[in-house]
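There are 2 protein chains.
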Amino acid sequence: MTVIADGKEIAEKIYKNLKERVEKLKRKPVLSVVITEDNEAGKIYVRNKEHACEKIGIISQTTHFPANISESEILSKIEELNADVNTDAILIQLPLPSHIDSKKILNSISARKDADGFHYSNAGKMFTGQIPYSVACTPKGIIKLLDEYQINLKGLNTVILGRSDIVGKPVAQLLLQRDATVTICHSKTKNIDFYTKNADLIVVAIGKPKFLKADMIKDNAIIIDVGISKVNGKICGDVDFENVYSKASLITPVPGGIGPLTVAMLMQNTVELAEHNLITDDW
Amino acid sequence: MTVIADGKEIAEKIYKNLKERVEKLKRKPVLSVVITEDNEAGKIYVRNKEHACEKIGIISQTTHFPANISESEILSKIEELNADVNTDAILIQLPLPSHIDSKKILNSISARKDADGFHYSNAGKMFTGQIPYSVACTPKGIIKLLDEYQINLKGLNTVILGRSDIVGKPVAQLLLQRDATVTICHSKTKNIDFYTKNADLIVVAIGKPKFLKADMIKDNAIIIDVGISKVNGKICGDVDFENVYSKASLITPVPGGIGPLTVAMLMQNTVELAEHNLITDDW
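The listed protein sequences correspond, in order, to chains G and V.
Using the numbering used here, read the first sequence as starting at 1 and increasing by one per residue.
Using the numbering used here, read the second sequence as starting at 1 and increasing by one per residue.
Among the hints, a few may not be true.
[As the list claims (entries may be wrong)] Some chain G residues judged to face chain V by a derived CB distance under 8 angstroms, without partners named:
{"no.": "1", "residue": "D6"}
{"no.": "2", "residue": "G124"}
{"no.": "3", "residue": "G155"}
{"no.": "4", "residue": "T181"}
{"no.": "5", "residue": "T183"}
{"no.": "6", "residue": "C185"}
Simulated from the structure, these hints should not be mistaken for lab results.
Backbone N, C-alpha and C define an ideal beta-carbon position, used for all residues, glycine too.
Produce the entire structure from the sequences given, and follow the hints as far as they go.
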């Protein structure tokens, strides 16, 4: 029997735990979000995030900039938020307009307030086996889900499709830390079926609807689908779910799989940054 | 015909180029090395590095500490070197005595003077596709060698044995940047032959003499041997060279393969750090 992983249920468990942690703080954590007006998909995500914040007692503050905002104006805003002791976490909703250097913006956030874990110094600490202030939400959510279903990653042949800084590369590091054997495939990979057919676990994060077909996987593989696309008005992932489903041992649906865990991990990052800001302030 | 890659010859070409770059600077670059007296293998490496420095006009300054030196004394020395405008590059010769936290020491070096490219912020910049002050020498040397022999890495099935912060993990990033498909294997990998037998290119960096045997590779594979061990008084690598040799299309010998390129890349890092310190000072 194939297990369809329930990301929503796991997210609810995480929220319950985070709510309790928030109640112990001397004030509510503050997550500050920056978004530009042209980012329509981003607005939906931001509303989801605001909803999650409400659930657990995080104050969400969103700054909306016009699409023609200058890089220096965004940088000034971030500088202000970095300096504000009452802002615990900062999130820049990507994508930014094309005239803005996104990496420059992301790396101008104080690493101690980096809600998304995209700052190069946090990535570098994870990469070199140190403790970062935060870890990228989607990769962290993937590991959380695998842990909840008690998947032993040690020695597993894991194959990642996609090499982004946000999913593919950091999840490779987290899987390596758990002693998995890790292969990273991407658009230039030749004979991609060879890798996927031999994989015990596949993470697909390439943004190509229904890319992973049933004949590309082996029986009882674990399938983690990170894709979110809209096809004929319907949300679907990077996996051909209807056909892959019965062949897999565990599969994450889209929606309701990794998506809710990504938001939950953003909440967890925010609470962790607030705890350090308000309690320890020494790491 | 198998090509035995000549690391020494490539290193000499690099030295010639670096010597010319050094002559254009207003003063000689200064590389400051810190080593503890118990590090016998390290002393040999340090002498090799001093010899390379002489060749191209880098001033090498070595601080020898007793094995019972305290962490705070090493940190004070690094603080002094970080502040000294006439020190361009700093190298901590590993391993340090076991009572010292090596990662803490390595990360106390200013990222702008990080000769070895081990600082988490330099690793993080490489990992996130930005320009670090320096890149780890052995991985950089491996790519340099592959470039010299005009190996097109795009889409190649590359397999790395070993997941260290110093070789395995950073070389995986550099190979990905060149569009290779990358698998990282390690001590917990099951059925390692499966990966190596299908690989177009194998990097072995595990410190196990003659680990990679002829029956573990396919015909015409490219074999990069990073291991250096002493067996019965003879230096040997992680590859069973005598038997693997005729099956490979290109192989790096030990000694004379990647070793000289690691030293050459340390020289290149030092010159690059000095150029930025003395010329641009703005990156």
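Against the structure, the hints:
Given hint, D6(G) at the interface with chain V, is violated; its Cβ is 29 angstroms from that chain's nearest Cβ, farther than 8 angstroms. Interface restraint check for G124(G): the shortest CB-CB distance to chain V comes to about 2 angstroms, inside 8 angstroms, so the restraint holds. Given the 8 angstroms rule on beta carbons, the hint for G155(G) holds: about 4 angstroms separates it from the nearest Cβ of chain V. Nearest Cβ of chain V to the Cβ of T181(G): about 4 angstroms, under the 8 angstroms cut. The hint holds.
Given hint, T183(G) at the interface with chain V, holds; its Cβ is 4 angstroms from that chain's nearest Cβ, closer than 8 angstroms. For C185(G), the shortest C-beta to C-beta distance to chain V is roughly 5 angstroms, which falls under 8 angstroms, so the interface hint holds.
The structure shown violates just one earlier hint, number 1.
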